[in-house]
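Colleague: Here is what each chain is made of, one letter per residue.
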Amino acid sequence: MNTTISIIIIDDLLPDDDPVIALLKRDYHEVKLIKSPQEGIEYITSHLSYRHIVILDYKFAQNEPDGAFVLEKIREKSKIIPVILWTANGNMITELESFINNKAFAMVPKAPYEELLSKIKEAENFINNSVEGALEEWIKLEGQESLERPFLIAADGKEYTLAQLLSEIRMQSNFGKKIEKDLLMLTIDLLIRKKENLK
Amino acid sequence: MPEQNKKKENKDSLYWRFDLSTFRLLGRELITDRITALFELVKNSYDANARNIHVTFLNVNPVGKDTKIIIKDDGIGMDITDLKDKWMVIGTASKRKNRLSPAPFNRKMVGKKGVGRFAVDKLGSKLLLQTKLAGSNELTSLETDWNKYDTLSKQYDLFEATQENERKFFTEIPNKYWKEPYLKTSQGTTLEITSIRDPWSKDDIDRAYKELAKLVSPLSKQQHEFNIFITSNDYPEYNETQVRNKAIKFATKTIDIKFDIEKKTQESLKFDDENLTIIKTPIKSFGPVKFKLYYFDQKAKDTFKKEYKGGNIDGIKIYRDGLIATPFAEYESQDIKKRDILGIDKRRYSGFFDKVSSSDLIGLLEITDAENSEIKDSTNRQDFQDNAEYRELKQFIIDQIVELEKYLKYHRKQETEKTKSNLKSAHGDLKAFTSLVRKIKKKAPEKLKKELGALEKQTKKVSIDINRGIKAYNELEKEKIQQENIFLSLMSLQDYALEIAHVVRTSLSRTIRLAEFFKKEFPNPEFNDLFATYAKDIYNEMTRLDSAVDFMLSYAQSNTDFKEINIKSLIEDLFNESYKKIFEQNKIKTIVEIEKPLIIVHNQKFFEDIIENLISNSIKALSGKKNKIIKCTGTFDDSKFILLFSDNGIGIPKEDRNRVFNIYFTRTAEQGGAGIGLYIVKTRIESMKGTVEVIDNELNPTGATFKIILPFADKN
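Chains X and U, in that order, give the protein sequences.
So the mapping is simple: this note's numbering equals the position in the first sequence, first residue as 1, plus 81.
So the mapping is simple: this note's numbering equals the position in the second sequence, first residue as 1, plus 2.
If you are wondering where the hints come from, they were derived from the structure by calculation, not from laboratory data.
Nothing here was measured: the structure is a model prediction, and the numbers come from that model.
Glycine residues also receive a C-beta, built at the ideal position from the N, C-alpha and C atoms.
Watch out, some of these pointers could steer you wrong.
Sample of chain U residues facing chain X (criterion: CB under 10 Å; computed from the structure) [said to hold, decoys possible]:
id : residue
1  : T38
2  : L185
3  : Q189
4  : N664
Only pairs whose alpha carbons sit at most 25 Å apart, straight line, appear in this in silico DSS-like list of lysine-lysine [as the list claims (entries may be wrong)]:
id : chain 1 : residue 1 : chain 2 : residue 2
5  : U       : K415      : U       : K303
6  : U       : K303      : X       : K113
7  : X       : K113      : U       : K656
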């Protein structure tokens with residue numbers, strides 16, 4: 082079981098005992114079903130420090146925002162949370178462009194579920210292989226209290242905690258992108274100079 | 003590698019290079035069609051302070067070696083530094099930094115993203131750009147051949163393994179430029195595009211004309227002239243033809259909505275039972291706007307179309323700083339294909355009866371970059387970014403149209419009443435005249451009597467004809483109402499079809515997932531409980547699908563006859579006869595109190611559907627309860643019939659009050675609720691122009707009360 086990645090499903094018609102939920106519960110420590118798009122946005126934006134994969138329905142009840150709007154709101158807060166769009170009515174989607182522009186991780190049909198599960202695996206790999214994922218793993222080993230400890234002093238003298246660094250990387254700010262690149266380069270440098278070994 | 007990059011390069015630095023996919027994204031995908039492309043290039047000329055732009059199409063139908071499109075302006079032009087640092091730089095920031103074009107024009111820059119130049123590629127693959135600054139005696143020319151980039155793309159497909167060190171990038175293709183002496187007095191930029199991709203028919207150039215005519219708002223006063231001329235040697239009617247944005251005339255009603263920035267107020271339309279008035283509201287989230295709305299009735303439309311040959315009454319346009327923002331260079335000859343960006347025609351039942359549609363309106367909404375900064379261009383330049391402010395702006399536009407509709411409806415009714423009353427009084431006058439003729443005839447000499455007798459006969463005949471006319475008029479009115487009702491039902495059917503398709507798909511998807519689970523996981527003792535649950539779920543989903551199909555069939559089977567129905571006796575019959583046994587079996591006490599008879603003209607099946615679904619919903623909600631009651635009371639308030647339908651069942655939590663009417667929402671799944679009943683109730687009531695809501699329960703301690711309001715026209 083993967084202990085740190087949560088699956089958030091935003092879908093107003095999905096029953097709590099759907100096979101997809103049952104199967105995901107076997108592999109992930111938390112599978113949360115949120116039935117209102119607004120609540121979904123609120124939940125994700127207030128839990129940015131956790132690792133999520135979001136499964137998003139497209140068409141909600143009348144008067145509710147659609148999947149395109151939810152994705153846009155998520156992207157305002159995080160550029161890298163994988164959001165997988167799943168829909169029963171792929172051919173009725175008019176905001177395809179918006180999904181592409183807002184970097185939807187994938188778009189899959191609601192049935193069969195095989196494709197969804199395989200995209201979730203891809204998203205999991207995406208998270209685990211990212212710098213952000215590696216940092217998360219490291220924090221897990223060090224303990225949650227390490228999040229708020231000063232971790233790095235930038236060239237301008239500004240101090241960053243791990244939590245702040247994670248947030249910058251998640252938002253893909255200029256600083257976030259730079260630190261991501263620098264960390265990778267540092268790792269390569271350490272490996273080349275044989276200061277560290279890969280286990 | 004280009005010279006300038008070599009100079010800057012040093013061994014511990016890396017440089018971005020980008021390949022063809024980026025170029026394609028910018029050029030061919032952001033600029034969606036040829037007209038948009040032309041539009042972008044003309045906008046560039048506008049930003050360069052051009053007064054006159056000449057667009058020339060040479061030998062464009064059919065396309066051959068000598069086909070050219072030339073766009074020539076007399077703007078400020080560029081020197082080699084401008085070419086290098088602006089034209090050749092994608093996404094030039096200069097337009098974002100400098101919001102105004104150079105003095106003395108100080109035009110608001112309309113091209114902001116620095117991608118307009120890629121529009122050339124949409125028109126043709128070769129470009130010769132010639133440009134000259136005022137006062138300089140040097141003409142600079144630049145040649146670009148997009149074909150080279152295409153070749154590059156074929157050689158180095160992104161997904162194919164290539165020898166990376168040999169790979170060339172978009173930025174490494176050389177573009178030849180040269181300088182030559184030229185007349186000092188001239189200035190401007192000429193784009194000569196060859197290897198034209200598609201032929202331009204006369205219809206295509208007509209389209210370009212119409213769209214270019216919309217570029218500048220007819221309301222904005224351009225301080226400095228801005229003229230566009232079109233020439234084509236294929237079509238003699240285009241010979242230095244000036245593109246003109248004609249003044250909007252002949253509208254039936256013109257409305258002017260403004261704002262006051264000092265008092266921070268936005269004007270808004272309000273129908274006050276008789277007239278359209280302007281009210282002042284606080285400035286909205288999208289910022290202050292000016293809105294000029296022209297409404298055309300059929301007669302005015304005919305005059306407009308006759309006067310402006312081929313001119314379209316084409317809905318609402320949004321101008322930013324005087325230049326068109328949306329719908330942006332979008333041309334469709336058939337109205338039905340036009341994208342309804344503002345959602346005016348998407349409104350339910352639009353185009354029928356009291357609703358006005360885009361083809362009845364010309365609207366010019368003016369926004370500015372400074373005051374309406376939250377309204378942002380979308381990437382494809384065809385709309386604005388979907389955010390809360392833009393949504394509110396769209397709603398604001400719809401609200402104005404709704405008020406106009408109320409006003410038009412009122413005046414149509416007044417006109418009808420006036421005609422009716424004129425007919426009645428004509429009938430009375432004629433009667434008086436006949437009786438006068440009769441009186442005169444009695445006293446008249448014999449000689450005249452014969453002629454007066456004929457006159458009396460004639461007036462009697464006319465009087466009978468008028469009377470028939472009045473009757474026929476009343477019949478026609480009644481028929482019209484019936485037709486409207488049928489149309490409304492058909493229009494709502496469209497919405498039902500969409501909803502039903504969605505729920506059927508959702509249900510099928512779930513069933514497939516459940517079956518897939520069995521197929522892949524059975525037998526597995528870990529999931530034994532789930533197997534049992536899912537078998538039941540498959541059964542329930544199938545039952546749901548069955549009810550959805552039944553619902554669809556109810557449409558096919560119900561006749562569309564509209565007839566007089568007595569609501570009071572219909573409800574009483576349903577309770578006391580049709581459902582009597584069911585109520586007895588379920589030990590439900592019923593209370594039916596309808597104040598007085600009400601006769602409406604409608605489809606009886608539709609009304610029965612409402613009551614039957616409410617009854618069925620209540621029966622499910624009462625399951626397992628003691629002292630079960632269903633109560634139905636009908637009262638009257640002016641021209642409204644108010645029906646309260648209550649039970650003392652499990653009740654509806656406050657947070658679900660709005661959701662219970664959504665299709666497939668159910669709280670009684672255990673009792674076989676499919677989530678369709680209350681959806682039918684709501685849509686049927688809406689098709690009767692009524693409303694339904696869940697209010698606080700009137701029966702204690704638990705229960706649900708539905709309040710239905712049906713408007714009716716009082717015959718008296």
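Colleague: Among the hints numbered above, which are violated by the structure, and what are their numbers in rising order?
Modeller: 1, 2, 3 and 6
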